[in-house]
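**Q** Start from the sequences and build out the full structure, keeping to the hints where you can.
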Amino acid sequence: MDAGVMTGLLKSSKLIMVTGKGGTGKTTFACALALLGARLGRRTVLCEIDNQRPSCGAVFGRVPRFEPVDVLPNLSLSNIEFTGSLEGFIEQMVPMPRVVRLVLENKMVHRFLDFTPGSRELVIMSRLGALCDQNDLVVVDMPASGHAFSLLDILRSARGLFRSGPVRAHAEHLTERLRAATSRLVFVALPEEMVVNETLETMDRMAAASLIGGPPVVLLNRATLPSLTTDERSLLARLAEQPLDPVAREFVRAGRWEDRLEQATKTSVDRLRERFGHEPPLIPPAGGGGVPREIVTTVAVHLGRQVGLTRREVQWT
Numbered sequence: 007m008d009a010g011v012m013t014g015l016l017k018s019s020k021l022i023m024v025t026g027k028g029g030t031g032k033t034t035f036a037c038a039l040a041l042l043g044a045r046l047g048r049r050t051v052l053c054e055i056d057n058q059r060p061s062c063g064a065v066f067g068r069v070p071r072f073e074p075v076d077v078l079p080n081l082s083l084s085n086i087e088f089t090g091s092l093e094g095f096i097e098q099m100v101p102m103p104r105v106v107r108l109v110l111e112n113k114m115v116h117r118f119l120d121f122t123p124g125s126r127e128l129v130i131m132s133r134l135g136a137l138c139d140q141n142d143l144v145v146v147d148m149p150a151s152g153h154a155f156s157l158l159d160i161l162r163s164a165r166g167l168f169r170s171g172p173v174r175a176h177a178e179h180l181t182e183r184l185r186a187a188t189s190r191l192v193f194v195a196l197p198e199e200m201v202v203n204e205t206l207e208t209m210d211r212m213a214a215a216s217l218i219g220g221p222p223v224v225l226l227n228r229a230t231l232p233s234l235t236t237d238e239r240s241l242l243a244r245l246a247e248q249p250l251d252p253v254a255r256e257f258v259r260a261g262r263w264e265d266r267l268e269q270a271t272k273t274s275v276d277r278l279r280e281r282f283g284h285e286p287p288l289i290p291p292a293g294g295g296g297v298p299r300e301i302v303t304t305v306a307v308h309l310g311r312q313v314g315l316t317r318r319e320v321q322w323t
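Position in the sequence shown counted from 1, then plus 6, gives you the numbering used here.
Hints listed in this document are in silico derivations from the structure and should not be mistaken for laboratory results.
Some hints could be false.
Capping the alpha-carbon separation at 20 Å, the derived lysine to aspartate or glutamate pairs in EDC-like fashion look like this [to be verified]:
| id | residue 1 | residue 2 |
| --- | --- | --- |
| 1 | 272 | 285 |
| 2 | 272 | 237 |
| 3 | 20 | 237 |
**A** Structural data, given as structure tokens:
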């Protein structure tokens, strides 16, 4: 992969939104990217979206709150809850503290917002914009692909619903931020046909709805790095047709399984490179014994090499 892709992503972006099909490891990658941003000296906040059971706390040892919580030098966590975001949103719409307080205390207003399509998403997007104004870099652990599209596309719906007024103006401002070159979408994929298909389909939907700012980036998780030569692959295929003792047959079966994984990775890389325009970094299955912090560290080390960070500089333990 061209190291310039990761360098531009981490050093020039203001907003990085990480999404992907459920189970691809997008939360791990969001944590790793936020850690790298902080290690590069940028004041970084890692956000979850109104998560009733925040995931990043297991990595950094702190429960994310609405107000950013410092966890490492240059790095804080935030869970963008709707209730907390609502106050800031109304203050932007009605810059009169007494009126804001009356609105927030009105139960009917809350019921109206709960049942108004898109209101929660618009309020949350507004909070993201505020965090971008307050920090060097905002990394967002977005919902899975389809829900991520719905969250971002709410700005188009808001512009259509409100023809004028402060909400319309605010939606236009947030749309401009989303389409800015410093706002980047990161897709986390796996070397599996269905996952790659969904990744490409989601990117096309985002592009068609003008929801992509700077060039999108794709990261290939749990990839099997190339190890077998063409001759070795041919030898394994020939051996598989021979009568072998149980131990030798198991050895050949394992080799052919490894070959299939490598070929699946190669096919995925070719498809993703063609559509995204860059070589996706290959992140092998993480070790760490299932410990979230160790898994994030492993991913951060692999990605950190692309921006000149050593293992020692990335690790925080």
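**Q** Are any of the numbered hints broken by this structure? If so, which, sorted upward?
**A** 3
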